[in-house]
Amino acid sequence: AQSVTQLDSQVPVFEEAPVELRCNYSSSVSVYLFWYVQYPNQGLQLLLKYLSGSTLVKGINGFEAEFNKSQTSFHLRKPSVHISDTAEYFCAVSDPGNYGQNFVFGPGTRLSVLP
Amino acid sequence: NAGVTQTPKFQVLKTGQSMTLQCAQDMNHNSMYWYRQDPGMGLRLIYYSASEGTTDKGEVPNGYNVSRLNKREFSLRLESAAPSQTSVYFCASSDVTDTQYFGPGTRLTVL
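These protein sequence lines are chains A and B, in that order. First residue of the first sequence: 1, per the working numbering; consecutive thereafter. First residue of the second sequence: 1001, per the working numbering; consecutive thereafter.
Hints were generated in silico from the structure; no laboratory data involved. Wrong hints could be hidden among the right ones.
Part of the chain B face toward chain A, derived, beta carbon under 8 Å [to be verified]:
#1 N1001
#2 F1090
#3 D1098
#4 P1104
Chain B regions said to be covered by chain A (calculated; three or more residues, Cβ under 8 Å) [to be verified]:
#5 1031 to 1043
#6 1059 to 1067
Derived CB-CB ranges, DEER-like [unchecked claim]:
#7 B:M1019 x A:G62: 34 to 44 Å
#8 B:S1067 x A:P12: 14 to 24 Å
#9 B:T1005 x A:I83: 23 to 33 Å
#10 B:T1086 x A:Q10: 17 to 27 Å
#11 A:T5 x B:T1086: 24 to 34 Å
#12 B:S1018 x A:I60: 10 to 20 Å
#13 A:E15 x B:S1080: 22 to 32 Å
#14 B:E1059 x A:V29: 32 to 42 Å
Note that the coordinates shown come from a computational prediction; the quantities given were computed from them, not determined experimentally. From the three backbone atoms N, C-alpha and C, an ideal C-beta is built for every residue, glycine too.
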């Protein structure tokens, strides 16, 4: 079964600084990869996803992520964060063709953007 | 297009009471899920349904039952609520690329 590691449980960063949130998954076979964001007291919202093709994926709110198959990583980046990016971020992985039965979330990274 | 809707938004129960959390999606998705989210525990899968008429246990099914009433609706029932079931409950559905779409959540407190 797949597993997802998000090495940093909390990441504080100053406004307008760059940020990288790290995500590693366990299997090197074909995967779908996702990043979700959860703002306080809300549900999860899809930021971006990798299904196939270009390894650099662009998402909403200026975020992007790079799929690295050899390192089994899918790190999320933003060149300049805003206060409004303060939220919890979840990485997730799924095995294609299993109708979502092997969908696994990471434990989450809490991003705090400081003024 | 409402996406995934959940009712109620908030609920307070006494220990031993029962209740059903309702979830519906209008995106014609086959798969639906119930998660619970507790501080420091991330999201934990309670049950999922890969298609109408099928349900399977997830990581934390004890104390819960589910019904996939039709393709749109997937309900979660607590037969005898316990304080350990105090949590935020999320319903989700997924498309053919496994992308999950979440409802706004139900905040449940069991006293």
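A quick look at each hint next to the structure:
With 8 Å as the threshold, the beta carbon of N1001 of chain B stays out of range of chain A, its nearest partner Cβ sitting at about 15 Å, so the hint is violated. Hint status for F1090 of chain B: holds, given a least beta-carbon distance of 6 Å to chain A, under 8 Å. Checking D1098 of chain B against chain A: minimum C-beta separation of about 4 Å stays under 8 Å; hint holds. For P1104 of chain B, the interface hint holds, the least distance from its beta-carbon to any beta-carbon of chain A being 5 Å, beneath 8 Å.
A stretch counts as covered by a chain when three or more of its residues have a beta carbon under 8 Å from one of that chain; for the region 1031 to 1043 of chain B and chain A the count is 4, and the coverage holds. Residues of the region 1059 to 1067 of chain B lying with their CB closer than 8 Å to a CB of chain A number 0, which falls below the three-residue condition for coverage. Separated by about 41 Å at the C-beta atoms, M1019 of chain B and G62 of chain A satisfy the suggested range of 34 to 44 Å. In this structure the supplied range 14 to 24 Å is violated for S1067 of chain B paired with P12 of chain A, their Cβ-Cβ distance being about 43 Å.
Checked against the given bound of 23 to 33 Å, the beta carbons of T1005 of chain B and I83 of chain A, roughly 30 Å apart, stay inside it. A hinted range of 17 to 27 Å holds for the C-beta pair T1086 of chain B and Q10 of chain A, which are about 24 Å apart. The hinted window of 24 to 34 Å between T5 of chain A and T1086 of chain B holds, with their beta carbons roughly 28 Å apart. Hint check: S1018 of chain B to I60 of chain A, Cβ distance near 39 Å, so the stated range 10 to 20 Å is violated.
The beta-carbon spacing between E15 of chain A and S1080 of chain B, approximately 48 Å, falls outside the hinted interval of 22 to 32 Å. Between E1059 of chain B and V29 of chain A the beta carbon distance is about 22 Å. The supplied range of 32 to 42 Å is therefore violated.
Of the numbered hints given earlier, the model fails hints 1, 6, 8, 12, 13, 14; all others are met.
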